[in-house]
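A.B. asks: Each chain is listed here by its residues.
Number of protein chains: 2
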Amino acid sequence: MWEWTSSPPASPAHPLLADPGADASLCGMAATGASGTNAVRYGTMRPNVLNLRVVLPDGRLLHTAGPGRQPRKRAAGYDLTSLFVGSEGTLGFLTQATLRLHPLPEATAVTIASFPGVGAAVACTVQVLQAAVPVARIEFLDEVMADACGRFSGMGLPVAATLLLELHGSRCSLAEQQQQMEEIVQENGGSSLAWAEGLEEREQLWSMRHNAWYAALALRPGCQVRHKDGDDGSSAHGALSATALPSPAQGYSTDVCVPISRLPDVVVETKQDLQASSLTGQQGHSPLRQRGLRGLTILHATPHLTRGLAGPMVGHVGDGNFHCILVFNSQDPEEAQRIHAFTQRLGRRALAAGGTCTGEHGVGLGKRALLQEELGQEGLDTLRSIKAALDPHNLMNPGKVL
Amino acid sequence: MWEWTSSPPASPAHPLLADPGADASLCGMAATGASGTNAVRYGTMRPNVLNLRVVLPDGRLLHTAGPGRQPRKRAAGYDLTSLFVGSEGTLGFLTQATLRLHPLPEATAVTIASFPGVGAAVACTVQVLQAAVPVARIEFLDEVMADACGRFSGMGLPVAATLLLELHGSRCSLAEQQQQMEEIVQENGGSSLAWAEGLEEREQLWSMRHNAWYAALALRPGCQVRHKDGDDGSSAHGALSATALPSPAQGYSTDVCVPISRLPDVVVETKQDLQASSLTGQQGHSPLRQRGLRGLTILHATPHLTRGLAGPMVGHVGDGNFHCILVFNSQDPEEAQRIHAFTQRLGRRALAAGGTCTGEHGVGLGKRALLQEELGQEGLDTLRSIKAALDPHNLMNPGKVL
Ligand SMILES: Cc1cc2nc3c(=O)[nH]c(=O)nc-3n(C[C@H](O)[C@H](O)[C@H](O)COP(=O)(O)OP(=O)(O)OC[C@H]3O[C@@H](n4cnc5c(N)ncnc54)[C@H](O)[C@@H]3O)c2cc1C
Ligand SMILES: Cc1cc2nc3c(=O)[nH]c(=O)nc-3n(C[C@H](O)[C@H](O)[C@H](O)COP(=O)(O)OP(=O)(O)OC[C@H]3O[C@@H](n4cnc5c(N)ncnc54)[C@H](O)[C@@H]3O)c2cc1C
Numbered sequence: 001m002w003e004w005t006s007s008p009p010a011s012p013a014h015p016l017l018a019d020p021g022a023d024a025s026l027c028g029m030a031a032t033g034a035s036g037t038n039a040v041r042y043g044t045m046r047p048n049v050l051n052l053r054v055v056l057p058d059g060r061l062l063h064t065a066g067p068g069r070q071p072r073k074r075a076a077g078y079d080l081t082s083l084f085v086g087s088e089g090t091l092g093f094l095t096q097a098t099l100r101l102h103p104l105p106e107a108t109a110v111t112i113a114s115f116p117g118v119g120a121a122v123a124c125t126v127q128v129l130q131a132a133v134p135v136a137r138i139e140f141l142d143e144v145m146a147d148a149c150g151r152f153s154g155m156g157l158p159v160a161a162t163l164l165l166e167l168h169g170s171r172c173s174l175a176e177q178q179q180q181m182e183e184i185v186q187e188n189g190g191s192s193l194a195w196a197e198g199l200e201e202r203e204q205l206w207s208m209r210h211n212a213w214y215a216a217l218a219l220r221p222g223c224q225v226r227h228k229d230g231d232d233g234s235s236a237h238g239a240l241s242a243t244a245l246p247s248p249a250q251g252y253s254t255d256v257c258v259p260i261s262r263l264p265d266v267v268v269e270t271k272q273d274l275q276a277s278s279l280t281g282q283q284g285h286s287p288l289r290q291r292g293l294r295g296l297t298i299l300h301a302t303p304h305l306t307r308g309l310a311g312p313m314v315g316h317v318g319d320g321n322f323h324c325i326l327v328f329n330s331q332d333p334e335e336a337q338r339i340h341a342f343t344q345r346l347g348r349r350a351l352a353a354g355g356t357c358t359g360e361h362g363v364g365l366g367k368r369a370l371l372q373e374e375l376g377q378e379g380l381d382t383l384r385s386i387k388a389a390l391d392p393h394n395l396m397n398p399g400k401v402l
Numbered sequence: 001m002w003e004w005t006s007s008p009p010a011s012p013a014h015p016l017l018a019d020p021g022a023d024a025s026l027c028g029m030a031a032t033g034a035s036g037t038n039a040v041r042y043g044t045m046r047p048n049v050l051n052l053r054v055v056l057p058d059g060r061l062l063h064t065a066g067p068g069r070q071p072r073k074r075a076a077g078y079d080l081t082s083l084f085v086g087s088e089g090t091l092g093f094l095t096q097a098t099l100r101l102h103p104l105p106e107a108t109a110v111t112i113a114s115f116p117g118v119g120a121a122v123a124c125t126v127q128v129l130q131a132a133v134p135v136a137r138i139e140f141l142d143e144v145m146a147d148a149c150g151r152f153s154g155m156g157l158p159v160a161a162t163l164l165l166e167l168h169g170s171r172c173s174l175a176e177q178q179q180q181m182e183e184i185v186q187e188n189g190g191s192s193l194a195w196a197e198g199l200e201e202r203e204q205l206w207s208m209r210h211n212a213w214y215a216a217l218a219l220r221p222g223c224q225v226r227h228k229d230g231d232d233g234s235s236a237h238g239a240l241s242a243t244a245l246p247s248p249a250q251g252y253s254t255d256v257c258v259p260i261s262r263l264p265d266v267v268v269e270t271k272q273d274l275q276a277s278s279l280t281g282q283q284g285h286s287p288l289r290q291r292g293l294r295g296l297t298i299l300h301a302t303p304h305l306t307r308g309l310a311g312p313m314v315g316h317v318g319d320g321n322f323h324c325i326l327v328f329n330s331q332d333p334e335e336a337q338r339i340h341a342f343t344q345r346l347g348r349r350a351l352a353a354g355g356t357c358t359g360e361h362g363v364g365l366g367k368r369a370l371l372q373e374e375l376g377q378e379g380l381d382t383l384r385s386i387k388a389a390l391d392p393h394n395l396m397n398p399g400k401v402l
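Residue numbers (this note's numbering), protein chains in the order written: chain A, 1 to 402; chain B, 1 to 402.
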């Protein structure tokens, strides 16, 4: 156990924990119930937060598990910690999070596999989980994303549906997991695997993946990308209005999560939808990167992308969770409308498959209607009763979620 | 994923899930946030419940994750599932639980180790966790409990602080875990290990452990034990008044949970407290067991136990959680008073160590005062606001928890 106090400036996230991208603070990660590449093995924020210090709307200080407490499990009253994790700032302001830590593995290996199609890559994921391989990360990139990431990082990935896989264990169990993984990948028509075990090589692969957002933005011309320091154009909360880049091209990332058994169907249908809506960018020349002001890169994208919309897919597929990063011209109302219609269809597709309209980004403003469809009236009424009970004057992030 | 519908008669629990004893129903296990021997590896009920169907106090039906939904993770609104898990029937009546399933391991091995003292057994547990051995079960019995269990099951365990350990994995990783375990047990002065790998042998060991409650009751003379069919005298809810055996001897099981690093101290202090309060039964002859009516065993305990109080200790120590099973004469107010004072001291000792007054049995009636100490006024007020919002007429289990 370790206690992190999150106050500006934000504390860095423990790498084995939720691992969301960008510059998230720990309390922000708790507030959004964040998760990431490691969640398939180590869980999302929810099971990893043991206690939260919260400023309640009336100014009083609440410790969700009691002041100074950090047992691994509790059966003492309602689980206030889980209630505040993912409450998106609507119930109180989090000022301290006590987190569970996980031991670092003895050995780690990372690999990349290319597949004949998105269906094969996701079917492989399902088999890995069903075979109980204790995979530590299993990340999916569709061929548009793989191409964009490969070019952005200068690593030149094959233009194919791709899985980025990481295994943790003792030396002996690692070798065994690697063998199992190779067999399952091969059965699904994947490329043969080369394993990166050294730290530098592994970090290079993951930094390629972590730059997916910027690589996606680079699919559009004239797109300005800020590294760090706030407004990077991501929508962590499903709200179109939350994205405001100075250039007309902007990114909107939306996510859904479905039961693993339904994932291949839902991913394949989404891919078809993207193609039919011409939301998937075509591949072309590498965008020119030119470093301008500190931390600001101006991307001159390939000219033949100017007309289409880009919607590469990327996913924490071990959890049944995936994202579409939609890059569009914010000054074109018709494009914005197509994006909106696509995200509604995506959300409803996930709901129809027994899933959720958001696995990690939250409801914010943009997914309030989908939340109602997901929970039904009784569910929404229950959320509203809780909000009214804890924040009777509607002071905390009014209008968000509900 | 699998959906269990829990309605009378109770459905059996999945063995890899929470594994509480006796005849718990799945919705009862969800209602109490139960956990058990497997929780150290597979989690308590909370992370394993994906959705609950709840009859709300006004008669409406709520699906905590939305009707028919079962994604592995969600960020859509407040976590109603976690709110109802562990709510002890005070917010609504659970009628269906959708649970996460875990793959059965390829290989399993169980062993028993005896230690020179309770401190050594618990220190060994801490080292096992710190060494990141992915132990599946690690159960502690103090020497009184080991003796009682050994005699009750006819297996004759050494009268010593004991760990019962189970490992899951592939054949190769199992061998590696076994070796690690042997080294750590040896370092802590434990006995050398013999591993049970066959199903029958393993089940024999676990049935010995699962009968701990009956074995503890057998420490008292004339104690009547009902197997199944309800009132077995256990207090799952920390309420002295909930125990009502027809004979004057009855059992009261109380539990606490502390951060792992504090567990050795808290267990040793509790052991000293039990001894000082003469709550620990002395060892003696095996009680005579005589099967009477169907499912009813009359235990004639050893005569020299008639004056003392028995308080054997047993624990899911991998979670920092342990129980004292207090067997006493319910018609002796002085004994009942000593039991009450002991459980208060135990609860406060756990709180002082940054733990909780209950890791799995819940608050019920008996631990309401400790809950207030644990959460503080702000915490209790927050629980009360939620209760008032969801059950404004206080219809559901009135008086419990709050
Ligand atoms: C490139 C990129 C990659 C990302 N990858 C992931 C990912 O893999 N997984 C994932 O889950 N998310 C991801 N995100 C989204 C984002 O990182 C997470 O939502 C993160 O948890 C937000 O944390 P923050 O501190 O930036 O919060 P903010 O963005 O500042 O706030 C997010 C919400 O939480 C509320 N909030 C923030 N702090 C507090 C507080 N202290 N108390 C109460 N409420 C608070 C805010 O009001 C707001 O509603 C990504 C974002 C980017 C830009
Ligand atoms: C020998 C023995 C060993 C045990 N070992 C463990 C253990 O290892 N771990 C552990 O956690 N517990 C253990 N217990 C306690 C008990 O098994 C658990 O608390 C179990 O979860 C209770 O389930 P039940 O169905 O028997 O519920 P009950 O005992 O009938 O009820 C328990 C509480 O939950 C409420 N409740 C029950 N069903 C519902 C429902 N459908 N909807 C709403 N509220 C409901 C009741 O009102 C009550 O407040 C043990 C008990 C015994 C006798």
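For the record, the hints were derived by calculation from the structure and aren't laboratory data.
Keep in mind that the hints are not guaranteed to be accurate.
With beta-carbon atoms standing in for the labels, derived distance ranges [as the list claims (entries may be wrong)]:
| id | chain 1 | residue 1 | chain 2 | residue 2 | range |
| --- | --- | --- | --- | --- | --- |
| 1 | A | Leu193 | B | Leu104 | 21 to 31 angstroms |
| 2 | A | Gln186 | B | Gly68 | 34 to 44 angstroms |
| 3 | B | Ala194 | A | Cys172 | 43 to 53 angstroms |
| 4 | A | Gly399 | B | Ser277 | 54 to 64 angstroms |
| 5 | B | Asp265 | A | Cys172 | 51 to 61 angstroms |
| 6 | B | Arg348 | A | Glu183 | 48 to 58 angstroms |
| 7 | A | Arg345 | B | Asp265 | 33 to 43 angstroms |
| 8 | A | Glu373 | B | Ser277 | 51 to 61 angstroms |
| 9 | A | Gly189 | B | Pro392 | 31 to 41 angstroms |
| 10 | A | Glu183 | B | Leu395 | 28 to 38 angstroms |
| 11 | A | Gly156 | B | Gly68 | 42 to 52 angstroms |
| 12 | A | Val268 | B | Gln130 | 40 to 50 angstroms |
| 13 | A | Val268 | B | Ala388 | 20 to 30 angstroms |
Selected chain B positions facing chain A (in silico; Cβ < 7 angstroms) [what the hints assert, rightly or not]:
| id | residue |
| --- | --- |
| 14 | Gly59 |
| 15 | Arg60 |
| 16 | Leu62 |
| 17 | Pro67 |
| 18 | Arg72 |
| 19 | Ala76 |
| 20 | Gly86 |
| 21 | Leu174 |
| 22 | Gln178 |
| 23 | Cys257 |
| 24 | Leu365 |
| 25 | Arg368 |
| 26 | Leu371 |
| 27 | Gln372 |
| 28 | Glu378 |
Quick reminder that beta carbons are idealized off the backbone N, C-alpha and C, glycines included.
A.B. asks: Each of the hints needs a verdict: does it hold here or not?
C.D. replies: Hints versus structure:
The hinted window of 21 to 31 angstroms between A/Leu193 and B/Leu104 holds, with their beta carbons roughly 27 angstroms apart. Distance hint check for A/Gln186 and B/Gly68: the Cβ-Cβ separation is about 36 angstroms, which falls inside the suggested range of 34 to 44 angstroms. About 23 angstroms separates the C-beta atoms of B/Ala194 and A/Cys172, a value inconsistent with the hinted range of 43 to 53 angstroms. A beta carbon spacing of about 57 angstroms between A/Gly399 and B/Ser277 agrees with the range 54 to 64 angstroms that was offered as a hint.
Between B/Asp265 and A/Cys172, the C-beta spacing of about 35 angstroms breaks the proposed range 51 to 61 angstroms. Roughly 55 angstroms separates the CB atoms of B/Arg348 and A/Glu183, a value that falls within the hinted 48 to 58 angstroms. A/Arg345 and B/Asp265 have their C-beta atoms about 57 angstroms apart, which leaves the hinted 33 to 43 angstroms range violated. Checked against the hint of 51 to 61 angstroms, the C-beta distance between A/Glu373 and B/Ser277 comes to roughly 58 angstroms, which is consistent with it.
In this structure the hint that A/Gly189 and B/Pro392 lie 31 to 41 angstroms apart at CB is violated, the actual value being about 58 angstroms. For A/Glu183 and B/Leu395, the hinted distance range of 28 to 38 angstroms is not satisfied, since their beta carbons lie about 56 angstroms from each other. For the hinted restraint 42 to 52 angstroms between A/Gly156 and B/Gly68, the CB-CB distance of approximately 44 angstroms keeps it satisfied. Evaluation of the 40 to 50 angstroms hint for A/Val268 and B/Gln130 yields a pass: the beta carbon distance comes to about 44 angstroms.
Between A/Val268 and B/Ala388 the C-beta distance comes to about 48 angstroms, which lies outside the given range of 20 to 30 angstroms. Proximity of B/Gly59 to chain A is violated relative to the hint, the smallest CB-CB distance being about 11 angstroms (cut-off 7 angstroms). Among the interface hints, the one on B/Arg60 holds; its C-beta lies about 5 angstroms from the nearest C-beta in chain A, closer than the 7 angstroms criterion. A least Cβ separation of about 4 angstroms between B/Leu62 and chain A falls short of the 7 angstroms threshold, and the interface hint therefore holds.
For B/Pro67, the shortest C-beta to C-beta distance to chain A is roughly 6 angstroms, which falls under 7 angstroms, so the interface hint holds. Contact between B/Arg72 and chain A, as hinted, is supported at the beta carbon level, the nearest pair being about 5 angstroms apart and thus within 7 angstroms. At a threshold of 7 angstroms, the smallest CB-CB gap from B/Ala76 to chain A is about 5 angstroms, leaving the interface hint in force. With its C-beta approaching chain A no nearer than about 6 angstroms, B/Gly86 sits inside the 7 angstroms limit, and its interface hint holds.
Taking 7 angstroms as the C-beta cut-off, the interface hint given for B/Leu174 is violated, the closest approach to chain A being about 10 angstroms. The criterion of a C-beta within 7 angstroms of any C-beta in chain A is not met by B/Gln178, whose closest approach is roughly 12 angstroms, and the hint is violated. Annotation: interface hint on B/Cys257 holds; nearest CB of chain A at approximately 4 angstroms, less than 7 angstroms. Given the 7 angstroms rule on beta carbons, the hint for B/Leu365 is violated: about 13 angstroms separates it from the nearest Cβ of chain A.
Hint on B/Arg368 is violated. Least Cβ distance to chain A is approximately 10 angstroms, over the 7 angstroms limit. Annotation: B/Leu371 was flagged as interfacial toward chain A, and the flag holds, the nearest CB pair being 5 angstroms apart, inside 7 angstroms. At about 10 angstroms, the closest approach between the beta carbon of B/Gln372 and any beta carbon in chain A exceeds 7 angstroms, and the interface hint on this residue is violated. The interface hint given for B/Glu378 holds, since its Cβ lies 4 angstroms from the closest Cβ of chain A, which is under the 7 angstroms cut-off.
Figure legend: structure checked against the earlier numbered hints; hints not met, in rising order: 3, 5, 7, 9, 10, 13, 14, 21, 22, 24, 25 and 27.
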